[in-house]
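Student: Protein sequence lines, in the order shown, are assigned to chains U and S. Numbering-wise, this note's numbering puts 237 at position 237 of the first sequence, and it's gapless, one number per residue. Numbering-wise, this note's numbering puts 116 at position 116 of the second sequence, and it's gapless, one number per residue.
I should point out that these hints are in silico values taken from the structure, not numbers from a laboratory. Be careful, since some hints might not be right.
[Claimed, not checked] Derived lysine-lysine pairs resembling DSS-like cross-links, with alpha carbons at most 25 Å apart:
#1 U:Lys6 to S:Lys71
#2 U:Lys216 to U:Lys279
#3 U:Lys2 to S:Lys150
#4 S:Lys6 to U:Lys21
#5 S:Lys6 to U:Lys2
#6 U:Lys278 to U:Lys216
#7 S:Lys150 to U:Lys6
#8 S:Lys71 to S:Lys6
#9 U:Lys21 to S:Lys71
[Unchecked claim] A few chain U residues that face chain S, going by a derived Cβ cut-off under 10 Å, partial list only:
#10 Thr59
#11 Phe67
#12 Ile144
#13 Ile174
#14 Leu177
#15 Phe187
#16 Phe237
Note that the structure is predicted; figures quoted are calculated from it, not measured. The C-beta atom is built at its ideal place from N, Cα and C for all residues, glycine as well.
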Amino acid sequence: MKQYMKSLLNLTAFELDRISKFLYTLLGVTLLLNLIGYIYTPMRYVGRMNEYMQTELVTAQQAIERFGSFSFYDVTSALWLLAPVTLGISGLLLYSLFIWYREWMGKNTFAYRLLMLPVPRMQIFYSKLFVIYIAIFSLIAVQIISLTIGFQIVSAIVPDDWLSGMTLVQALNIHPLFTVILPVSSFYFLSANGIGLTFMLVLFTVILLERSYSFKGLGIGIAYGVITVLIAVFPAFLPNLVQNYYLFYDSEIMALIIVLMTVIGVTSLLISRHLLNKKITI
Amino acid sequence: MTKYSKLISFVLLCVLTLSAFGIYQIQTSATLPEIEVVTEEGNADELDALYFIGNIYSTQSSGRSSTFEFKDGGFSYLNNRSVFRHLDYVYNPVANRYVSDYRSFMRGKARNISNFTETDDEIVYTAMASDVNWRRMYDDNMLDISLFDKDSEEEQSYEVRLEGASYHGIVASYYHAPELTIVTQAADEQMRNGWYIYTFNFDEPEDTLSPEVNVGQALDSSSVQISFSPTGTERYIPFKSLQPGAEDEYGEITDYTTDAFHVYDIQTGDFQEIPLFEEGETLVLSEDEQVVVGQDLGETINWHVWNVTDESLNELGSTDMITPSIGRLPVYYYNHSFNQGLQLVNGHVYAYEDHYSEDGYGRPMFQVIDLDSVSTDFSGYFELEDRENDRSTEIMLFDFMINPL
């Protein structure tokens with residue numbers, strides 16, 4: 001067991017080394033764009049308020065009635081914060097493909113050495129999955145740190161009387177994106193991560209199918225992906241199918257979705273293990 | 001160790017940040033304000049039968065909003081429930097109680113107040129097929145009826161075809177075993193909207209029902225409203241005929257005046273007209289075998305009992321109302337009914353108003369009148385305990401019912 005864990009840690013540390021430059025870039029871009037958003041968005045509001053007060057000769061209260069008070073939600077809704085999140089999600093999605101295909105790139109394919117290692121082949125699978133998740137959670141952690149500091153910056157730029165009094169957590173709670181990707185609501189956060197994990201397991205399975213059976217494998221993989229999506233969303237359409245929106249309680253629909261996603265995840269793991277151990281040729 | 005340093009650093013970053021954020025959330029999460037019943041007159045215990053779902057929200061921030069329920073004389077916030085309990089929660093006090101107490105019976109059944117009638121021993125469910133499949137088709141004439149015995153938890157179900165009109169919507173049902181009287185709003189052959197009353201007998205169930213009466217035709221009125229029924233056990237159903245008033249620039253009628261009140265006797269199938277008072281507005285409420293008529297003079301209401309035998313009024317006395325309009329303003333969500341804020345349950349009139357204090361704060365206000373003594377058993381309102389220091393939080397009532405049982 002100890003040896004198993006050690007080799008898994010070695011592989012994970014190795015994969016983390018390979019992703020680190022890409023991850024540092026994502027983290028850097030996130031921090032830089034966020035910082036611009038924390039300064040530019042409130043400055044623009046303050047500038048607009050001042051200009052309105054000077055040109056229209058009105059009080060700050062009248063200007064607030066015109067433009068509304070400023071909240072941190074205004075910052076979190078700006079492109080400066082949304083763009084890095086989108087970049088991070090799409091970047092890691094692409095890296096999830098790259099993390100496998102890079103092994104077969106070039107003349108002397110690295111996959112040959114990797115698959116010949118005297119460790120269970122599923123450890124390669126797990127190490128790649130762990131690294132993707134370490135990258136996801138690192139981005140989340142850095143985004144949280146950034147938001148916490150950003151909240152202080154915004155509070156310092158905008159006069160207290162012009163602020164709505166909304167706290168950081170309240171601003172995140174009503175944000176359609178941050179309430180899902182950050183651990184603001186445990187339900188949404190766990191749901192998003194559960195869906196994300198199942199998606200990653202299916203994606204890795206599709207990649208391994210393609211690696212095992214080439215074009216035929218790609219077709220099987222796409223079909224497998226489509227079938228898993230249909231199975232996962234099937235409970236949501238049950239009320240429509242049975243022509244009764246009250247036949248199943250919402251908690252039962254949710255429980256069914258969780259069970260089906262677990263089945264999809266476990267099935268994907270078993271297929272991947274079979275492919276890695278028996279089908280993938282070097 | 002060096003080769004793991006990056007791995008350990010990233011994992012530590014994630015674990016420490018997420019943990020710290022969790023602690024930060026707990027520390028900064030505002031405790032939800034306490035709500036209290038402020039008694040102006042009488043005893044707050046009179047509100048034990050009141051069940052409502054409400055919401056508190058900040059006028060300064062849309063992010064601060066919490067839903068609570070008032071039940072058995074106490075408050076509880078819904079935020080504290082588990083996700084799975086929350087998913088099954090119905091924002092309708094009656095249906096929510098049924099889902100909680102009779103989960104199996106409620107499976108597959110619509111969850112509007114008008115779909116249920118309850119007695120001490122039984123619950124009767126009445127719904128059109130479109131109430132559960134959400135398809136409003138012209139020929140939706142199939143009525144589902146279920147009779148549920150609370151003790152044995154046995155259920156009898158029937159599927160009945162309604163004739164005489166199409167596109168039915170259940171408005172109310174009244175149960176006097178073994179007969180069930182169903183009031184629907186439906187369209188006639190010319191697609192004119194009308195009110196229809198059907199009767200179903202559980203001892204002699206039929207597959208097809210013809211309307212006992214077309215209310216609009218019987219009352220010779222194109223615009224009719226029905227009294228909101230909190231119990232569904234009354235013998236006399238009050239109807240109000242309306243006279244269209246002025247039209248707006250688009251030709252839509254914007255206001256109506258009361259033309260006449262009638263009560264429909266479920267047992268005889270006849271209507272009786274209740275005369276309007278010359279001074280003030282007329283109020284008509286009913287419960288079981290009793291029809292109560294009020295002369296609304298604003299600050300006071302003179303209460304009478306309608307004698308159905310000789311069609312006369314017997315005066316009970318008058319009650320001073322805590323506001324000139326409490327109970328008499330429409331509550332928007334039952335727009336086809338009147339008496340939305342004035343409910344007669346167990347000989348008590350419950351009057352509700354979304355009242356505003358002198359400072360401009362909304363506060364749900366209730367007055368409970370005992371019709372035996374014609375006195376106020378309770379008057380008061382719901383308010384934040386710490387209103388002095390919380391001037392940006394408002395209370396709003398979504399929906400309320402008085403549990404007659």
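Student: Against this structure, judge whether each hint is valid.
Tutor: Hints versus structure:
| no. | hint | result |
| --- | --- | --- |
| 1 | U:Lys6 to S:Lys71 | violated, 57 Å |
| 2 | U:Lys216 to U:Lys279 | holds, 13 Å |
| 3 | U:Lys2 to S:Lys150 | violated, 60 Å |
| 4 | S:Lys6 to U:Lys21 | holds, 12 Å |
| 5 | S:Lys6 to U:Lys2 | holds, 21 Å |
| 6 | U:Lys278 to U:Lys216 | holds, 17 Å |
| 7 | S:Lys150 to U:Lys6 | violated, 62 Å |
| 8 | S:Lys71 to S:Lys6 | violated, 55 Å |
| 9 | U:Lys21 to S:Lys71 | violated, 58 Å |
| 10 | Thr59 | violated, 19 Å |
| 11 | Phe67 | violated, 15 Å |
| 12 | Ile144 | holds, 5 Å |
| 13 | Ile174 | holds, 4 Å |
| 14 | Leu177 | violated, 15 Å |
| 15 | Phe187 | holds, 5 Å |
| 16 | Phe237 | violated, 13 Å |
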